[in-house]
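Student: In the order they appear, the protein sequences are chains A and B. So for the first sequence, the working numbering puts the first residue at 1; every next one is plus one. So for the second sequence, the working numbering puts the first residue at 1; every next one is plus one.
Quick caveat, the hints were computed from the structure, so don't treat them as lab data. If you're wondering where the values come from, they're calculated on a predicted model, not measured in any experiment. Note that the Cβ used here is the ideal one computed from N, Cα and C, for glycine as well. Take these hints with a grain of salt, some might be off.
To be verified - What follows is a set of in silico ranges between Cβ atoms, one per label pair, in the way DEER data are often shown:
id: 1; chain 1: A; residue 1: 298; chain 2: B; residue 2: 176; range: 51 to 57 Å
id: 2; chain 1: B; residue 1: 255; chain 2: A; residue 2: 100; range: 35 to 41 Å
id: 3; chain 1: A; residue 1: 151; chain 2: B; residue 2: 158; range: 49 to 55 Å
id: 4; chain 1: A; residue 1: 312; chain 2: B; residue 2: 4; range: 48 to 54 Å
id: 5; chain 1: B; residue 1: 171; chain 2: A; residue 2: 122; range: 17 to 23 Å
id: 6; chain 1: B; residue 1: 277; chain 2: A; residue 2: 108; range: 24 to 30 Å
id: 7; chain 1: B; residue 1: 253; chain 2: A; residue 2: 122; range: 28 to 34 Å
id: 8; chain 1: A; residue 1: 314; chain 2: B; residue 2: 257; range: 55 to 61 Å
id: 9; chain 1: B; residue 1: 253; chain 2: A; residue 2: 112; range: 26 to 32 Å
id: 10; chain 1: A; residue 1: 89; chain 2: B; residue 2: 257; range: 35 to 41 Å
id: 11; chain 1: B; residue 1: 276; chain 2: A; residue 2: 158; range: 44 to 50 Å
id: 12; chain 1: B; residue 1: 257; chain 2: A; residue 2: 112; range: 35 to 41 Å
As the list claims (entries may be wrong) - A short, non-exhaustive set of chain A residues, derived as facing chain B with CB atoms under 10 Å:
id: 13; residue: 131
id: 14; residue: 138
id: 15; residue: 139
id: 16; residue: 162
id: 17; residue: 164
id: 18; residue: 174
id: 19; residue: 294
id: 20; residue: 311
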Amino acid sequence: MLKNIKWKHYISYAVLAIATVVLAILSFSGALKSSSIYMLEKIAISIMLAVSLSMVVGFLGELSLGHAGFMCVGAYLGGKASVLLEPLLGEYPALIVSLLIGGALAALFGVIIGLPALRLRGDYLAIVTLAFGEIVRSVFMNTSTESFGGTLGLDTPRFDKKILFVIALVLVIGCLAVTQNLIRSKHGRAITSIRDNEIAARATGINVTKYKLVVFAISSFFAGVAGVLYSYSNYSVQSANFDYNYSIEILVMVVLGGMGSINGSIIAATLITFLDVQLQTHLTGDLAVLKDIFYALILIVLVIYNNAPALKGFREKYNIRKLFDRFKKHNPSSIKDDEAKWDRVPTKIQMDEVLSVDLQVSSPYTPDKSGKEDA
Amino acid sequence: MKLIETLISGLSMGSTYAMIALGYTMVYGIAKMLNFAHGDVIMVGGYMIFVTLSATGNPLLGLLAAVLFCVVLGVTIEKVAYKPLRGASPLAVLITAIGVSKLLQSTAQVVFGTAQKMVNVGDLGYLSWNGLTVQISTLVTLGCSMVLMVALSLFVKYTRTGRAMIAVSEDRGAAQLMGINVNKIIMITFAIGSALAAFAGLFMLMKSPSLTNTLGAMPGIKAFTAAVIGGIGSIPGAMLGGLLMGVVEAISLTVPAIAPYTDAIEFIILIVILLVRPTGILGKKRREKV
Numbered sequence: 001m002l003k004n005i006k007w008k009h010y011i012s013y014a015v016l017a018i019a020t021v022v023l024a025i026l027s028f029s030g031a032l033k034s035s036s037i038y039m040l041e042k043i044a045i046s047i048m049l050a051v052s053l054s055m056v057v058g059f060l061g062e063l064s065l066g067h068a069g070f071m072c073v074g075a076y077l078g079g080k081a082s083v084l085l086e087p088l089l090g091e092y093p094a095l096i097v098s099l100l101i102g103g104a105l106a107a108l109f110g111v112i113i114g115l116p117a118l119r120l121r122g123d124y125l126a127i128v129t130l131a132f133g134e135i136v137r138s139v140f141m142n143t144s145t146e147s148f149g150g151t152l153g154l155d156t157p158r159f160d161k162k163i164l165f166v167i168a169l170v171l172v173i174g175c176l177a178v179t180q181n182l183i184r185s186k187h188g189r190a191i192t193s194i195r196d197n198e199i200a201a202r203a204t205g206i207n208v209t210k211y212k213l214v215v216f217a218i219s220s221f222f223a224g225v226a227g228v229l230y231s232y233s234n235y236s237v238q239s240a241n242f243d244y245n246y247s248i249e250i251l252v253m254v255v256l257g258g259m260g261s262i263n264g265s266i267i268a269a270t271l272i273t274f275l276d277v278q279l280q281t282h283l284t285g286d287l288a289v290l291k292d293i294f295y296a297l298i299l300i301v302l303v304i305y306n307n308a309p310a311l312k313g314f315r316e317k318y319n320i321r322k323l324f325d326r327f328k329k330h331n332p333s334s335i336k337d338d339e340a341k342w343d344r345v346p347t348k349i350q351m352d353e354v355l356s357v358d359l360q361v362s363s364p365y366t367p368d369k370s371g372k373e374d375a
Numbered sequence: 001m002k003l004i005e006t007l008i009s010g011l012s013m014g015s016t017y018a019m020i021a022l023g024y025t026m027v028y029g030i031a032k033m034l035n036f037a038h039g040d041v042i043m044v045g046g047y048m049i050f051v052t053l054s055a056t057g058n059p060l061l062g063l064l065a066a067v068l069f070c071v072v073l074g075v076t077i078e079k080v081a082y083k084p085l086r087g088a089s090p091l092a093v094l095i096t097a098i099g100v101s102k103l104l105q106s107t108a109q110v111v112f113g114t115a116q117k118m119v120n121v122g123d124l125g126y127l128s129w130n131g132l133t134v135q136i137s138t139l140v141t142l143g144c145s146m147v148l149m150v151a152l153s154l155f156v157k158y159t160r161t162g163r164a165m166i167a168v169s170e171d172r173g174a175a176q177l178m179g180i181n182v183n184k185i186i187m188i189t190f191a192i193g194s195a196l197a198a199f200a201g202l203f204m205l206m207k208s209p210s211l212t213n214t215l216g217a218m219p220g221i222k223a224f225t226a227a228v229i230g231g232i233g234s235i236p237g238a239m240l241g242g243l244l245m246g247v248v249e250a251i252s253l254t255v256p257a258i259a260p261y262t263d264a265i266e267f268i269i270l271i272v273i274l275l276v277r278p279t280g281i282l283g284k285k286r287r288e289k290v
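Just need the whole structure built from these sequences, with the hints factored in.
Tutor: Structure (structure tokens):
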């Protein structure tokens, strides 16, 4: 059995687990500054958001521009639950229950948004998710001060920061386990087949409705959990923070990491959040916006580079994976049939290429050599 | 009287939305992409008006400068960011468009700063008639946009270029075979859309003089919503959707109980319409083929 385990599939867990243990030890020994702890919390939240959005965008192939909206639902409802439950249950049970409540309610909204997703595709769905995010924000902003704080924001219980980020990192590993296992299962292949060709997937007997709803639910569940963590991390929830720009920022992480790559999303989320916090503390005033220009340029250049039909040849020539493959020892006999690398195989069938008839006949008339000699 | 005043201001706001929505819907119909940066072209137009106005003091000159600059900007964006992606997946194009939108917003912030600029386009005063008080700028907005919309409809219907646009939107491949230069038509579409966006920028500044780098973000999203409600790709649909959106907004803003939820109400209408009629009010249903 052990032989079948690929190190590649578990490296992200291993790295995260080691990081969690090391950071936890550092934190309890008092070696970590509070600013680093704050950054670690932010990174954990970003990873969770990026991984969960990557499920919808990278694997299901639907664009969601309302991920911050799901996070907002989790942050407000989970935060409110923690405020109500803490006197009753105590610190830790309240945190756990509010994480579950925030996640579950966000998942419920995810299903509600997933329902139109069954009828709408592409751009329409993007605009509906965007609208959802704005609706959520506007509703929470106009609540009364007693219920959700309205424009003042909702204050949430204080929790020991030294422990909170460890819990956040453990939750990230949990999120990773759920998404990785889902994506690598039979269900994950069904989900990617919907991305590649929905009609073909439907024709193969895949229950598209079910899978779309499941992906939306799981993705928004983790967005909700990230929202609850956010509310604990910031001590308060402000609806203005969950605007559409935040959804875009999460999308940038997913695109930068590479669509359909969970490890990529993790790396990109860590990198961007790290840069973000660093730039926020070092750049002030109007210079802070240079960061946004940088993100925007990354987004444009990367997407054009990865998708432009004109650059196809260039991409294939300078593929990073291929460059790495050159250093690897190839051992064809070790590849078994049942561990087909489905994630590398281009699943998209180019219907135009299959159906097109090549009209350019290379040489319409080739004179016979012997005939020439005769004349 | 109050109701009529509300309706007029709603129609005026709606006609501004309709102008923006036309840019969205034409680009969507012809280039088959959602130009997310369209709203920010309005903002750039607004800044151009601001710059020209503070240099010369003439709002009409400002409008001219804004229209010219926006046309150049729109065409450049299309050439640099969208054209390389023609034939790529719609998701990739959409994400690039989002990137362009962010780029425009943050560049404007670097150039002009975060502080809001006050742009006084010129007070035209009020018009009173039988107890009805209407701002003249409202009527100007309404009149100008109606003229522009009629002109656009006539252009699309009766000129060679306009018909070529319809042809490209119906079947790009067939249009190309009939000798239509598709790239040129897409470029013209972006130019027209951006010019309309510059007009919308002026109308918005006439309504409220504060100018920031997010001037176009929310109206852009709302106008796109309007285009979707009307049926995206359809020019009368965008006008209808825009006007509807403006009237709903004006009515909702006058009712104190629901006024804070105005944005939410507009988006809920979008979701409901899309659920009932996924192609919008005037949109045509398209069969998906394998």
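Student: Indicate, hint by hint, whether the structure satisfies it.
Tutor: We went through each hint and held it up to the structure:
1. A:298 / B:176: 51 to 57 Å: 34 Å, violated
2. B:255 / A:100: 35 to 41 Å: Between residue 255 (chain B) and residue 100 (chain A), where Cβ atoms are some 38 Å apart, the hint holds.
3. A:151 / B:158: 49 to 55 Å: 52 Å, holds
4. A:312 / B:4: 48 to 54 Å: 59 Å, violated
5. B:171 / A:122: 17 to 23 Å: With a Cβ separation near 19 Å, residue 171 (chain B) and residue 122 (chain A) satisfy 17 to 23 Å, so the hint holds.
6. B:277 / A:108: 24 to 30 Å: Given range 24 to 30 Å: holds, Cβ gap about 26 Å.
7. B:253 / A:122: 28 to 34 Å: 32 Å, holds
8. A:314 / B:257: 55 to 61 Å: 59 Å, holds
9. B:253 / A:112: 26 to 32 Å: With a Cβ separation near 27 Å, residue 253 (chain B) and residue 112 (chain A) satisfy 26 to 32 Å, so the hint holds.
10. A:89 / B:257: 35 to 41 Å: Given about 37 Å between the Cβ atoms, the range holds.
11. B:276 / A:158: 44 to 50 Å: 47 Å, holds
12. B:257 / A:112: 35 to 41 Å: 25 Å, violated
13. 131: Hint on residue 131 (chain A): holds, closest Cβ of chain B at ~4 Å, below 10 Å.
14. 138: 4 Å, holds
15. 139: With a minimum Cβ separation of about 6 Å from chain B (threshold 10 Å), the hint on residue 139 (chain A) holds.
16. 162: Violated, about 36 Å.
17. 164: Violated: closest Cβ of chain B sits about 31 Å from residue 164 (chain A), beyond 10 Å.
18. 174: 28 Å, violated
19. 294: 9 Å, holds
20. 311: 8 Å, holds
The structure fails hints 1, 4, 12, 16, 17 and 18 (numbered hints given earlier, in ascending order).
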